[in-house]
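Listed here are the chains, written in short residue letters.
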Amino acid sequence: MAKLLDKQRYKCALGAMQTVQAIDRAIPILHSGPGCAQKLSDSIGSSGYFSPNIFPCTSINEKDVVFGGVKKLDTTIENALKVIDADLFVVLTGCIPEIVGDDTGEVVSRYQEDGKPVVYASTAGFKGNNYKGHEQVIDAIIDQFLEKSEEKEKGLVNIWADVPYQDLFWLGNIKELEKLIAEIGLTPNTIFGYKNGIDNIRKIPKAEFNLLVSPWVSLTNVKKMERKLGIPYLHYPTLPIGAYETSKFLRTVGEFAGVDKDKVEAVINEHENYYYYLIERYADLFLETRVMAKQFSVVADAQYALGITKFLVNDLGLFPAKQFVVDDTPKQYRDKIKEEFENLNYGIKAEVSFETDGYKIHNEIREHDYHGYPLILGSYYEKEVTGELDGHYLNISWPVQDKVVLDDFYVGYTGGIRLIEDIYSVAVQRFN
Amino acid sequence: MAEKKYSGVRESKPGRVNDLGDNSKTIEEDFKKGCLKRADRSFAQGLQCQQINSMAALMSLEDAVFVSHSPQGCVGCTIMAVDMYRVGQAHRGIKNIKNPRIIVTNLDQKSVVFGGEQKLKQSVKKAVDRYNPKLIFIYASCASGIIGDDIDAIAGELQEEYEDAIIVPIHCEGFKSKICASGFDAAFLSINKYILKGEKQPKEKGLVNLFAPTTVSYADQLEMERMLELIGVRVNYIPFYSSLEKIRQIPRAEASTSICKVFADEFMKTLWEDYEIPYSHTVMPIGIRNTDKWYRGIAKVLGKEKEVEEIIAKEHERIEPLVKKIRDRLEGKRVFICGGTGRSFAAAALIDDFGMKLVGLETPTYDDDAQVDIEYLNGIHKDFVVDVANMQPFEQVNLVNKLKPDAFIGIPEWTARFGIPTTHVLDGKRPTMGYDGLLYLGNKIADQLENPGFNKKLSKHVKLPYKESWYEEDAFKYIV
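Chains as they are written, first to last, in the working numbering: chain D, 1 to 432; chain E, 1 to 480.
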């Protein structure tokens, strides 16, 4: 049974509307109750072109509950195709049509038979959270839009990362991953972000492999693509932040793709030189900032909890207190992720808790002795508890109210530097 | 008097329509003749649902826990309430700023089949164990409504078990109404039923209930309280940043009024019927005309007509020269307005203070209340287009593109992309209301409209997401 949630860290499966809007010129059509789009929207940037109030919606009323909303869905899709200028329409279902039993798939299949770019994903709120919804949307695209390609493009790699908008830094992260992959001589292909739309979706089957950079999100998608489209995959479970992990990441990808070792090492060398040039200039700051405890906790989804823990331990020399993974990671992935938390340099192991209950998390943070003012990286909810403890707080996970991010990122060498800037900008504001 | 009990669903009121578009004069005539038809849209964009309003209305109450009996997505909007609550505390000088306590029962596939009663019971138990609150609000959702969970019966059972907290179930299922303000009514119906319970109390001279929705800033609260204190009133400000004690004071008031046209308007009727508290229901006090009207309304109920006229005369003397300065900057500009029921009409009245002309008005519902405003507006602005719509940006951009106004007041996202200067009358954190609010707001509007640079640049680089052919069509084509 799904647990009740006190201080919730994610949205429902219909939150996948944000996955759709991260695809350039793709728009969700919601077959749902009237308020769903607004409830699931954030103030952390729309797609620009589309925003939740633009999304066509059937806004199911009492009559539709009784008699079914299929007819309304039909006119909404039909007219959306006439009014909205988009490349791909993704019909998403909310709770009501799935409880009353509307056959959404049947309505959508009629448009598909006419060659219209419409797909459908089942995303009822009661079926799971927006991590699941995200996977459902990608599955829908694979199943309803793509076909196996015999022709492969040399060096083409599809990159998959965590959930757009749920991840505040999704745009910057994906762009930086693309850049790094391109530097070692491969051709990145992603379907999310600037100018990454339907053409990139069409390119997916031609890739030599899928690169998944996430502890667990989209693992089912890349497996499906392996089965259905014959694309092998490389699963890199840690979001590489900072020099240590990013170099390891590039070596792993390079080896998997058969890239010349010297080429990879040359790229790594150049990045590490500049990275340590920056670090050296501020080494005093890191060595001498006594107001910040050496211990920290991250309260975030698996990718940031793991990625940031590795970075702060392996690169910055901080020490992990308990870490909290709040994305309701499916049980089958937890042991693997736990192993990663226990695989830190110098035999350091971080205790990790897969916990969705904010009340319990806050009590644990309160009760732990950080030996100084703690560093807490988490959601907006952690602002209150960090305030109580006079700690240092950075809003890095959903919900976000404390940070504006246009295309900032934490991934890679540069991302590590950005995270250091953010953390120490908080620390230096303390004058006592 | 013995009418049918109000259900909380705004559509239940005869003559009220949500889907309509026409010229303001025609609408006025049609409404008089009783021939506005209740339509629907065969194509529409997302709305706001009433559950959002039920939540927002109460989430700043002290010592309360909010239990959403729903799947996990329905509390997606509450981060807005978290922000408003935190800002409100900061403005009120509270040092240790708290988050509201929000629990979602997380209805899942099993609950859909077997019911969500157990989950709700566990959530309420957790609410009591963890926070020991005085109030527990239970919000119904689309899913809980359709699967048929009887939240009233469950709340009744839980109430016997937990005597120290008052448990208040609220029927705010999203699909029941297209008018999100219904959610306010649902919240107040439950407050009456479960907290006030029809028990009359002795009246306190000078005590007035002032009902305020989520979007009223602390600065506006202070201005309203200042004005009311001038006519000898002690304000019971609810439900924002208030408490169980303040709610319990409601029946002791000598009179009631509200800051918004669609907030507590139905509840004030109930307060008259159940507790004999007279009330004033007028307009939102934005701009000179509306502020006067609002002020006179409550003064009349209290028998302070003479006093209020003296104060109004003095206030006018004080602010009119200052308003003229703003008017010099804004006069003659043609304006399109989009807003909620209260603010859209208030903005339409406000622009007359500044000598601006109304060319289009988008408002969520039309009823006899709206008719009063439209008659007044038709008297000053020849004629203009009225789009009765909850959002529907596709209709808005179609109209704005044809009307080419000089300025736009409301949610700016779409009109800004035409390069048209945009501004607003809604600010939940800064002043907009009363005589002082008018000056702050007016100067801000003038500053914003005099520099359209951002919007102009934006329009050169972006395109709205509609096909060119849509702009040639009748904006109201899909209202059927």
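Treat the hints with caution; some may be incorrect.
As the list claims (entries may be wrong) - Pairwise CB distance ranges, derived in the manner of DEER restraints: (1) D/Lys148 to E/Ile97: 20 to 28 Å; (2) E/Lys125 to D/Gly101: 27 to 35 Å; (3) D/Pro232 to E/Asp150: 48 to 56 Å; (4) E/Glu245 to D/Glu367: 41 to 49 Å; (5) E/Asp63 to D/Gly372: 32 to 40 Å.
It is worth saying that the hints were derived from the structure and are not from the lab. All C-beta atoms in this analysis are idealised placements derived from N, C-alpha and C, irrespective of residue type, glycine included.
### Query
Measuring from beta carbon to beta carbon, are E/Lys125 and D/Gly101 in 27 to 35 Å?
This hint holds: roughly 33 Å between Cβ atoms.
#### Entry: Outcome for the supplied range 20 to 28 Å, where the beta carbon pair is D/Lys148 and E/Ile97
violated, 56 Å
### CB-CB spacing for E/Asp150 and D/Pro232 relative to the 48 to 56 Å hint
Roughly 53 Å apart at Cβ, these two residues keep to the hinted range, so it holds.
### Task
Can you let me know if the beta-carbon spacing of E/Glu245 and D/Glu367 is within 41 to 49 Å?
violated, 33 Å
### Message
Range first: 32 to 40 Å. Now tell me if the beta carbons of E/Asp63 and D/Gly372 are that far apart.
### Response
holds, 34 Å
In terms of the numbered hints stated before, the structure departs from hints 1, 4, listed from lowest to highest.
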